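Dock chain B against chain A, hints included.
These protein sequences, in sequence, are chains A and B.
Counting from 1, one number per residue, gives the positions in the first sequence under the numbering used here.
Counting from 114, one number per residue, gives the positions in the second sequence under the numbering used here.
Any given hint could be a false lead.
Claimed, not checked - Partner residues aside, some chain B positions facing chain A, computed with beta carbon under 7 Å: (1) Ile139; (2) Ile143; (3) Gly145; (4) Phe149; (5) Asp160; (6) Lys166; (7) Phe169; (8) Leu196; (9) Leu197; (10) Gly199.
Unchecked claim - If the Cβ cut is set under 8 Å, some of the chain B residues that face chain A in the computed set are: (11) Ser162; (12) Leu163; (13) Ile200; (14) Leu203.
Stated by the list, open to error - Sample of chain A residues lacking proximity to chain B, with all beta carbon distances greater than 12 Å (derived): (15) Val52; (16) Pro82; (17) Val91.
Calculated directly from the structure, the hints in this document are not laboratory data.
Since this is a predicted model, take the numbers as computed values, not measurements.
Don't be surprised by glycine CBs; every beta carbon is placed ideally from N, CA and C.
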Amino acid sequence: MSWRPANGLRSWLIQRISAVYLASYLIAVVVAISICFPSTYSQWHGWIAHPVINVATAIFFISLMFHAWVGIRDVVLDYVSPLVIRFILLVFIGAGLLSMGIWSIRILFSVAL
Amino acid sequence: MNFNKKRPVFLDLLKIDMPATAILSIGHRISGILLFLSIPFFLYLFDLSLASKDGFDQARSILSQGFIKFLCVMLLWGLIHHLLAGIRFLLLDIHVGMSKQAASKSAWIVHVSEIVSLLIAVFILL
Numbered sequence: 001m002s003w004r005p006a007n008g009l010r011s012w013l014i015q016r017i018s019a020v021y022l023a024s025y026l027i028a029v030v031v032a033i034s035i036c037f038p039s040t041y042s043q044w045h046g047w048i049a050h051p052v053i054n055v056a057t058a059i060f061f062i063s064l065m066f067h068a069w070v071g072i073r074d075v076v077l078d079y080v081s082p083l084v085i086r087f088i089l090l091v092f093i094g095a096g097l098l099s100m101g102i103w104s105i106r107i108l109f110s111v112a113l
Numbered sequence: 114m115n116f117n118k119k120r121p122v123f124l125d126l127l128k129i130d131m132p133a134t135a136i137l138s139i140g141h142r143i144s145g146i147l148l149f150l151s152i153p154f155f156l157y158l159f160d161l162s163l164a165s166k167d168g169f170d171q172a173r174s175i176l177s178q179g180f181i182k183f184l185c186v187m188l189l190w191g192l193i194h195h196l197l198a199g200i201r202f203l204l205l206d207i208h209v210g211m212s213k214q215a216a217s218k219s220a221w222i223v224h225v226s227e228i229v230s231l232l233i234a235v236f237i238l239l
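Okay, chain B solo, but in the shape it has when bound:
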């Protein structure tokens, strides 16, 4: 393979224009990594909560700790973003909303509904 090694590379993330679609896309990746890392923690809680009544109470008290609650809100953002952005990507796969304007509009819809649903979820759960 013969790549041009001298081709210009411009990766100053603070100067690159990041439209709503780009933020959605990188957010999808970041939230995916966070969710992946959280699997063992939630499997542990799932196991504990189902093992016995004591385990159930223990799992509840773990979830009521301040720092864990903060982590859960972060992960809840990750889940909501990953789900909504994922539905948008699936629609793009079947060629729904492919034009530049439609893609930008749907990215904005995801951003707004993500914040709204996160606020509602946090309000109900905390």
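The following block holds chain A by itself, in its conformation from the complex:
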């Protein structure tokens, strides 16, 4: 897929694929906590340190940042029409989501080690 400035189909696909992952992960979390709720620190830490959960959660956070980017970008494009303000907002939101993505991976990494 070649990169083009306004590729609507790609955004549409990113939003849907991330949505399916986010929904599946959340449903799995609901099932897991209703079977066994991690009420102590060692239990909670043990969950997140488990390789499968750690990687699945990393994919969750990455999907979340992409999903939020497409969704919030749509909202900004709909309601903020002055181009300068729109540009500044999108830069801030993009930088924020990128930082939060890196932050989440750092947390997961420090738990796994």
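Below, chain B without anything else, positioned relative to chain A:
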């Protein structure tokens, strides 16, 4: 581009008929914005709760404050609505429930099951 600048615009939200599908759709957008804004708060709690045992206890005490609990219930509504309405939108994407009656019915199903699951979740978690 040559738009007709004099075309009529009617955006009185209190007078526009808002069927179940419209409320679901705007709710999806509002809940999405709320969830987006809550990401840093929950990442902070996630970080704190995993850093040490003290951090875990601190995160628990933050979550037990009244105002934070209220915020969490709002966000829980946002999450449940966004999830259920999102599943409905994904089904519409693959052309399930496209007729007007089916779309209206599924919107009602989302509204009702959203309230029921929110009540169950709040009852269990609080």
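Right, here's what the structure says about each hint:
The beta carbon of Ile139 (chain B) comes no nearer than 11 Å to any beta carbon in chain A, farther than 7 Å, and the hint placing it at the interface is violated. Here the hint on Ile143 (chain B) is broken, as its CB sits about 10 Å from the closest CB of chain A, past 7 Å. Because the smallest distance between the Cβ of Gly145 (chain B) and any Cβ of chain A comes to about 5 Å, under 7 Å, the interface hint for this residue holds. Given the 7 Å rule on beta carbons, the hint for Phe149 (chain B) holds: about 5 Å separates it from the nearest Cβ of chain A.
With its C-beta approaching chain A no nearer than about 5 Å, Asp160 (chain B) sits inside the 7 Å limit, and its interface hint holds. A distance limit of 7 Å between C-beta atoms decides the matter here; for Lys166 (chain B) the minimum to chain A is near 4 Å, and the interface restraint holds. For Phe169 (chain B), the shortest C-beta to C-beta distance to chain A is roughly 4 Å, which falls under 7 Å, so the interface hint holds. About 6 Å separates the beta-carbon of Leu196 (chain B) from the nearest beta-carbon of chain A, less than 7 Å, and the hint is met.
For Leu197 (chain B), the interface hint is violated, the least distance from its beta-carbon to any beta-carbon of chain A being 9 Å, above 7 Å. For the restraint placing Gly199 (chain B) at the interface with chain A, the shortest Cβ-Cβ distance is roughly 6 Å, inside the 7 Å limit, so the hint holds. Interface restraint check: Ser162 (chain B) against chain A, minimum CB-CB distance 7 Å, threshold 8 Å, status holds. Because the closest C-beta pair between Leu163 (chain B) and chain A is about 5 Å apart, less than 8 Å, the hint holds.
Given the 8 Å rule on beta carbons, the hint for Ile200 (chain B) holds: about 6 Å separates it from the nearest Cβ of chain A. Below 8 Å, beta-carbon pairs count as interface contacts, and Leu203 (chain B) has one with chain A at about 6 Å; its hint therefore holds. No beta-carbon of chain B is positioned within 12 Å of the beta-carbon of Val52 (chain A); the least distance is around 17 Å. Consistency note on Pro82 (chain A): stated as away from chain B, and its beta-carbon is indeed over 12 Å from all of that chain's, at 17 Å minimum.
At the 12 Å boundary, the C-beta of Val91 (chain A) stays outside the reach of chain B, the nearest C-beta of that chain being 16 Å off.
In terms of the numbered hints stated before, the structure departs from hints 1, 2 and 9, listed from lowest to highest.
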